[in-house]
Amino acid sequence: MQEAAERTRARTLRLMAIGTLAGLFSGLFGVGGGSVIVPLLVLWLAYDERAATATSLAAIVFIAGFAAAVQGAYGNVHVLDAVLIGVPAVGGVLIGTWLQQRLQTRSIALLFAAVLVASAVELVIR
Amino acid sequence: MIGIIVVGVAAGVLAGLLGVGGGVLFVPGLVLFVGLDQHAAEATSLLAIVPVAIVGTYRQDRYGNVRRADALTLGLLSVAGAAGGVALANSLSGALLRDAFAGLMIVIAAQLVHRTLRDREPQAGAPAAGEEAPPDGPPG
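Residue numbers (this note's numbering), protein chains in the order written: chain A, 10 to 135; chain B, 3 to 142.
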C-alpha cells in the first residue's frame with residue numbers, strides 16, 4: 010500500500026519535472042516542447058515512442074496554451090496571424106499524415122533538414 | 003494574407019509528414035514570410051500550435067495512444083515552467099533569441115537526419131514502418 014503510494018509520488022514528480030522543463034523550453038522558443046517531452050517520457054517513464062508522441066501532443070495543448078496566455082499579457086501575440094497560420098496548418102497536418110502512409114519520406118526528411126539549416130542561416134544573417 | 007495561409011498549410015503538411023512539431027516551422031515562417039519580429043513570432047506560434055495539438059490529440063486518442071491522466075498531469079504542472087520560459091524569452095534581446103532559435107533549428111535538423119538514417123535498416127521480422135499502425139502525429 011505504502012509502496013504503491015510512493016511509486017505514484019515518484020511518477021508525479023517525474024511528470025512535474027518533464028512538464029516544467031517542457032514549459033521552459035516552450036515559453037523560451039515558442040514551440041510545443043515535444044522534442045523535450047517525447048524522449049523524457051521514453052527514458053523516465055518507460056513509454057513506447059507512439060504513446061509518448063500522442064501523450065506529448067495532449068500535454069502540448071495545455072503547455073502552448075499557458076505560454077500563449079503569458080505572452081498575451083506581454084502584448085506579443087498577433088491573434089489574427091495565429092488563426093491564419095494555425096487553422097490552415099490543421100488541414101496541412103491531416104494531409105501530411107495521410108501522405109506519410111503513402112510516400113517514402115526518407116529523402117523528404119533529409120531535404121527538409123537541409124531547408125531547416127538554410128533557414129537557420131537566413132535567420133541569423135538577414 | 004494568402005502568404006501566411008500557404009505557410010500554415012505547408013508547415014502542417016511537413017509536421018504531419020515528418021513528425022516534427024508545428025512551432026519549429028511557424029516561428030521561421032512568421033519571421034521570414036510575414037515579417038514579425040522574433041518575440042512576436044514565438045508568441046504567435048504558441049497560439050497557433052493550440053488548434054493543431056487539439057486535432058492531433060483527438061486523432062491519437064481515438065487510437066487509444068493518449069495516456070490521459072499523465073497528459074493532464076504533465077500539462078497542468080507545466081504552468082510554472084511555461085511562465086518562466088516566457089519571462090526568460092522576454093528578458094532576452096530579439097537578436098539573441100533569434101540566434102538561439104537558429105541553434106534549435108540546427109539541433110532539430112540533426113535529430114531528423116539521425117532518426118531517418120536509423121530507420122534505414124529495419125530489423126528482420128519487424129513490420130514495415132506505418133504498416134497496420136495508426137499514424138504518428140507531430141510531437142509538437
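In case anyone wonders, no lab produced these hints; they're calculated from the structure. Hints are supplied without guarantee of correctness; some may be wrong.
A short, non-exhaustive set of chain A residues, derived as facing chain B with CB atoms under 10 Å [to be verified]:
id: 1; residue: Ala13
id: 2; residue: Leu66
id: 3; residue: Ala68
id: 4; residue: Leu132
Pairwise CB distance ranges (calculated) [to be verified]:
id: 5; chain 1: B; residue 1: Val8; chain 2: A; residue 2: Leu112; range: 17 to 25 Å
id: 6; chain 1: B; residue 1: Ile4; chain 2: A; residue 2: Val133; range: 23 to 31 Å
id: 7; chain 1: B; residue 1: Leu90; chain 2: A; residue 2: Arg20; range: 22 to 30 Å
id: 8; chain 1: A; residue 1: Leu112; chain 2: B; residue 2: Ile108; range: 23 to 31 Å
id: 9; chain 1: B; residue 1: Ala97; chain 2: A; residue 2: Trp107; range: 36 to 44 Å
id: 10; chain 1: B; residue 1: Ala89; chain 2: A; residue 2: Glu131; range: 25 to 33 Å
Covered by chain B, per the in silico footprint, the following chain A stretches (three or more residues, Cβ under 8 Å) [said to hold, decoys possible]:
id: 11; stretch: 15-27
id: 12; stretch: 35-42
id: 13; stretch: 74-82
id: 14; stretch: 88-102
id: 15; stretch: 116-125
A virtual CB, placed ideally from N, CA and C, is assigned to each residue, including glycine.
Counting residues of the stretch 15-27 of chain A that have a beta-carbon nearer than 8 Å to any beta-carbon of chain B, does the count reach 3? holds (count 4)
Given hint A:Ala68 near chain B, where the shortest CB pair must fall under 10 Å: At about 4 Å, which falls below the 10 Å cut-off, the nearest Cβ of chain B leaves the hint on A:Ala68 intact, so it holds.
For the range 25 to 33 Å, tell me whether the beta carbons of B:Ala89 and A:Glu131 fit it or not. This hint holds: roughly 28 Å between Cβ atoms.
Please check whether A:Ala13 passes as an interface residue: C-beta within 10 Å of a C-beta belonging to chain B. The hint is violated - A:Ala13 has no Cβ within 10 Å of chain B, the shortest such distance being about 15 Å.
Distance restraint hint 17 to 25 Å, applied to the beta-carbon atoms of B:Val8 and A:Leu112: For B:Val8 and A:Leu112 the Cβ distance comes to about 20 Å; the hint holds.
Holds or violated: the stretch 74-82 of chain A covered by chain B, criterion of 3 or more residues with Cβ-Cβ distance under 8 Å? Contact hint for the stretch 74-82 of chain A vs chain B: holds, 7 residues under 8 Å.
Check whether three or more residues of the stretch 116-125 of chain A sit with their beta carbon closer than 8 Å to a beta carbon of chain B. With 7 residues close enough to chain B, the hint holds.
If you count the residues of the stretch 88-102 of chain A with a beta-carbon closer than 8 Å to a beta-carbon of chain B, do you get 3 or more? That given contact holds, which follows from 14 residues of the stretch 88-102 of chain A lying within Cβ reach (below 8 Å) of chain B.
Taking the closest Cβ pair, is A:Leu132 under 10 Å from chain B? 5 Å, holds
Using the nearest Cβ pair, does A:Leu66 come within less than 10 Å of chain B? 5 Å, holds
Could one say that the CB atoms of B:Ala97 and A:Trp107 fall in the range 36 to 44 Å? 39 Å, holds
So does B:Ile4 sit 23 to 31 Å from A:Val133, Cβ to Cβ? Given a distance of about 28 Å, which is inside 23 to 31 Å, the answer is holds.
When the structure is compared with the earlier hints, a violation turns up for hint 1 alone.
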